Each structure stands twice: as structure tokens, then as C-alpha cells.
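A.B. asks: Start from the sequences and build out the full structure, keeping to the hints where you can.
These protein sequence lines are chains W and P, in that order.
Under this note's numbering, the first residue of the first sequence carries the number 1, and numbering increases by one thereafter.
Under this note's numbering, the first residue of the second sequence carries the number 1, and numbering increases by one thereafter.
None of these hints come from the bench; they were simulated from the model.
This structure is a prediction, so every number in the text was calculated from the model and none was measured.
Heads up, the beta-carbon is just placed ideally off N, CA and C, and yes, glycines get one too.
A few of these clues could be false.
[As the list claims (entries may be wrong)] Derived DEER-like restraints, expressed as beta-carbon distance ranges:
no.: 1; chain 1: P; residue 1: 30; chain 2: W; residue 2: 2; range: 34 to 40 Å
no.: 2; chain 1: W; residue 1: 26; chain 2: P; residue 2: 69; range: 26 to 32 Å
no.: 3; chain 1: P; residue 1: 54; chain 2: W; residue 2: 2; range: 44 to 50 Å
no.: 4; chain 1: P; residue 1: 54; chain 2: W; residue 2: 39; range: 28 to 34 Å
no.: 5; chain 1: P; residue 1: 73; chain 2: W; residue 2: 14; range: 44 to 50 Å
no.: 6; chain 1: W; residue 1: 58; chain 2: P; residue 2: 20; range: 41 to 47 Å
no.: 7; chain 1: W; residue 1: 112; chain 2: P; residue 2: 41; range: 21 to 27 Å
no.: 8; chain 1: P; residue 1: 58; chain 2: W; residue 2: 14; range: 42 to 48 Å
[To be verified] Which residues of chain P face chain W? A few of them, derived with a C-beta cut under 10 Å, are:
no.: 9; residue: 57
no.: 10; residue: 70
no.: 11; residue: 71
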Amino acid sequence: QQQVKQSPQSLIVQKGGISIINCAYENTAFDYFPWYQQFPGKGPALLIAIRPDVSEKKEGRFTISFNKSAKQFSLHIMDSQPGDSATYFCAASEKGSQGNLIFGKGTKLSVKP
Amino acid sequence: DAMVIQNPRYQVTQFGKPVTLSCSQTLNHNVMYWYQQKSSQAPKLLFHYYDKDFNNEADTPDNFQSRRPNTSFCFLDIRSPGLGDAAMYLCATSRAFVEKLFFGSGTQLSVL
Numbered sequence: 001q002q003q004v005k006q007s008p009q010s011l012i013v014q015k016g017g018i019s020i021i022n023c024a025y026e027n028t029a030f031d032y033f034p035w036y037q038q039f040p041g042k043g044p045a046l047l048i049a050i051r052p053d054v055s056e057k058k059e060g061r062f063t064i065s066f067n068k069s070a071k072q073f074s075l076h077i078m079d080s081q082p083g084d085s086a087t088y089f090c091a092a093s094e095k096g097s098q099g100n101l102i103f104g105k106g107t108k109l110s111v112k113p
Numbered sequence: 001d002a003m004v005i006q007n008p009r010y011q012v013t014q015f016g017k018p019v020t021l022s023c024s025q026t027l028n029h030n031v032m033y034w035y036q037q038k039s040s041q042a043p044k045l046l047f048h049y050y051d052k053d054f055n056n057e058a059d060t061p062d063n064f065q066s067r068r069p070n071t072s073f074c075f076l077d078i079r080s081p082g083l084g085d086a087a088m089y090l091c092a093t094s095r096a097f098v099e100k101l102f103f104g105s106g107t108q109l110s111v112l
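C.D. replies: Pasting the structure below:
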């Protein structure tokens with residue numbers, strides 16, 4: 001129940017298209033849901049994060065949609081660019097967990113020019 | 001301006017030969033974490049420090065140890081590396097728990 005299930009494993013999108021990555025969880029105590037972006041040979045970097053008191057958060061071309069009742073959240077990348085090609089990890093943690101982020105298995109996104 | 005610096009970038013060691021990986025931070029963050037990331041997998045938390053308080057994840061092998069001599073530095077010691085310990089080791093920091101993690105670029109460990 002500590003798992004975060006992420007799909008798809010890989011995604012190919014044309015430049016200008018919308019990339020959508022989905023995550024699902026079981027632990028209702030999770031209250032922080034970040035997305036991290038990782039380029040090859042680099043550490044992950046925080047992209048955007050949401051808490052369950054809102055259903056959507058947008059930062060530039062990146063939007064998190066959060067469905068508390070379904071225990072699902074997703075990342076939407078609008079106007080996808082080749083520079084967005086990276087691996088994306090969703091994650092979750094619960095209050096009092098001492099910061100232990102539970103990561104999804106990652107989605108490798110390729111944006112074709 | 002790198003804020004979380006890991007050295008070395010690549011480390012090759014022999015089976016069973018102790019190895020130490022280092023991490024330093026210029027952010028003055030309270031929390032420092034060590035993650036293990038194997039190829040095409042998610043990062044897995046090994047342990048963390050909140051200031052000097054150490055917390056070991058339940059499934060972290062005893063072979064892995066850590067030291068934090070001061071706020072800026074943290075070390076990962078692998079006492080007897082096995083072939084299965086070959087991975088990217090990521091250091092991360094945060095100001096407090098459940099806040100943005102700042103990752104270093106990692107140390108890629110190879111075990112021969």
C-alpha cells in the first residue's frame with residue numbers, strides 16, 4: 001500500500017502535442033505529490049508538486065491534475081518540446097513520514113521534432 | 001552554481017573493497033538523504049539525516065553506512081560492495097521534511 005503505480009513506462013509524443021503521465025496510489029495518508037524530471041546522467045529535479053486540497057495546479061506548460069476520490073494524479077505537458085525528453089517520476093509522501101518519498105517507476109518521454 | 005555536489009562522478013571499485021562516496025551542499029539544509037537508483041528504476045531511499053539524527057530505512061542492507069560530520073557534508077560508506085550494489089547513488093537535501101528535494105548529479109558506482 002506504500003506503492004505508487006505509474007504509467008505508461010514510455011511515451012512518444014510529437015512536438016507540440018500533449019504528454020500525459022498517470023499515477024495511482026492506495027495510501028490515503030499520502031498528502032504530498034511531487035513530480036520529478038530526470039535527464040540522463042543527472043539527478044532528478046522537482047518539476048511541480050500538489051497537495052490534496054486542490055484538484056489542479058499549473059506552472060507554465062506543466063499541469064498536475066489530482067483526483068482524491070479516485071486516488072489518482074497525472075502530469076500534463078502542453079506543447080511538448082524535444083527538450084522535455086526525459087524520465088518523469090511521480091512520487092508521494094505522507095505527513096510524519098520523515099520525508100520518505102515513494103517514487104513511481106518512471107516514464108521515459110521522447111518528444112519527436 | 002551547483003548546490004548539491006557529489007564526488008566522484010564515477011567510481012569503480014572491486015568486489016569486497018570498501019568505498020566511500022561524498023556529498024556536500026551549499027544550501028545549509030537540515031536534511032540530507034542518500035538514494036540508490038539502479039538502471040531504469042526509481043530512486044530508493046537508503047537513509048537520511050535530520051541534522052545529526054540518523055534514520056536508516058528498514059530494508060537498507062547493513063553493508064551501507066553513512067556519516068554526517070557537519071551540516072555541509074555527508075558520506076556513504078559501502079563496507080563490502082557486491083555486484084548488486086552497482087548503481088547510481090544520489091544525494092539529496094531539503095530544508096525540512098516533505099519539502100522540495102535538491103538532488104546532486106549522482107555517483108555512478110561500478111563493481112568489478
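A.B. asks: How does the Cβ-Cβ distance of residue 73 (chain P) and residue 14 (chain W) compare with 44 to 50 Å: does it lie in that range?
C.D. replies: Holds - the Cβ-Cβ distance for residue 73 (chain P) and residue 14 (chain W), about 46 Å, lies within 44 to 50 Å.
A.B. asks: That 26 to 32 Å hint for residue 26 (chain W) and residue 69 (chain P) (C-beta), does it hold up?
C.D. replies: violated (39 Å)
A.B. asks: Measuring from the C-beta of residue 70 (chain P) to each C-beta in chain W, is the shortest one below 10 Å?
C.D. replies: Since the shortest Cβ distance to chain W is 20 Å, the answer is violated.
A.B. asks: Tell me if the beta carbons of residue 58 (chain W) and residue 20 (chain P) are separated by a distance inside 41 to 47 Å.
C.D. replies: holds (43 Å)
A.B. asks: Given a hint of 42 to 48 Å, does the C-beta separation of residue 58 (chain P) and residue 14 (chain W) actually sit inside it?
C.D. replies: Cβ of residue 58 (chain P) to Cβ of residue 14 (chain W): about 44 Å, so the range 42 to 48 Å holds.
A.B. asks: Is 28 to 34 Å right for how far apart the beta carbons of residue 54 (chain P) and residue 39 (chain W) are?
C.D. replies: The hinted range 28 to 34 Å holds for residue 54 (chain P) and residue 39 (chain W), with Cβ atoms some 31 Å apart.
A.B. asks: Let's test the interface hint: is any C-beta of chain W closer than 10 Å to that of residue 71 (chain P)?
C.D. replies: violated (17 Å)
A.B. asks: Taking the Cβ atom of residue 112 (chain W) and the Cβ atom of residue 41 (chain P), is their distance within the range 21 to 27 Å?
C.D. replies: Check passed, 25 Å falls within 21 to 27 Å.
A.B. asks: In this structure, is the beta-carbon distance linking residue 54 (chain P) and residue 2 (chain W) contained in 44 to 50 Å?
C.D. replies: 21 Å Cβ-Cβ, so the 44 to 50 Å window is violated.
A.B. asks: Could you check the hint for me, namely that residue 30 (chain P) and residue 2 (chain W) are 34 to 40 Å apart, CB to CB?
C.D. replies: Violated, since residue 30 (chain P) and residue 2 (chain W) (Cβ atoms, about 24 Å apart) do not stay within the stated range.
A.B. asks: Please verify that hint: residue 57 (chain P), Cβ, nearest Cβ of chain W, below 10 Å or not.
C.D. replies: This interface hint holds because 7 Å falls under the 10 Å limit.
The structure shown violates the earlier hints numbered 1, 2, 3, 10, 11.
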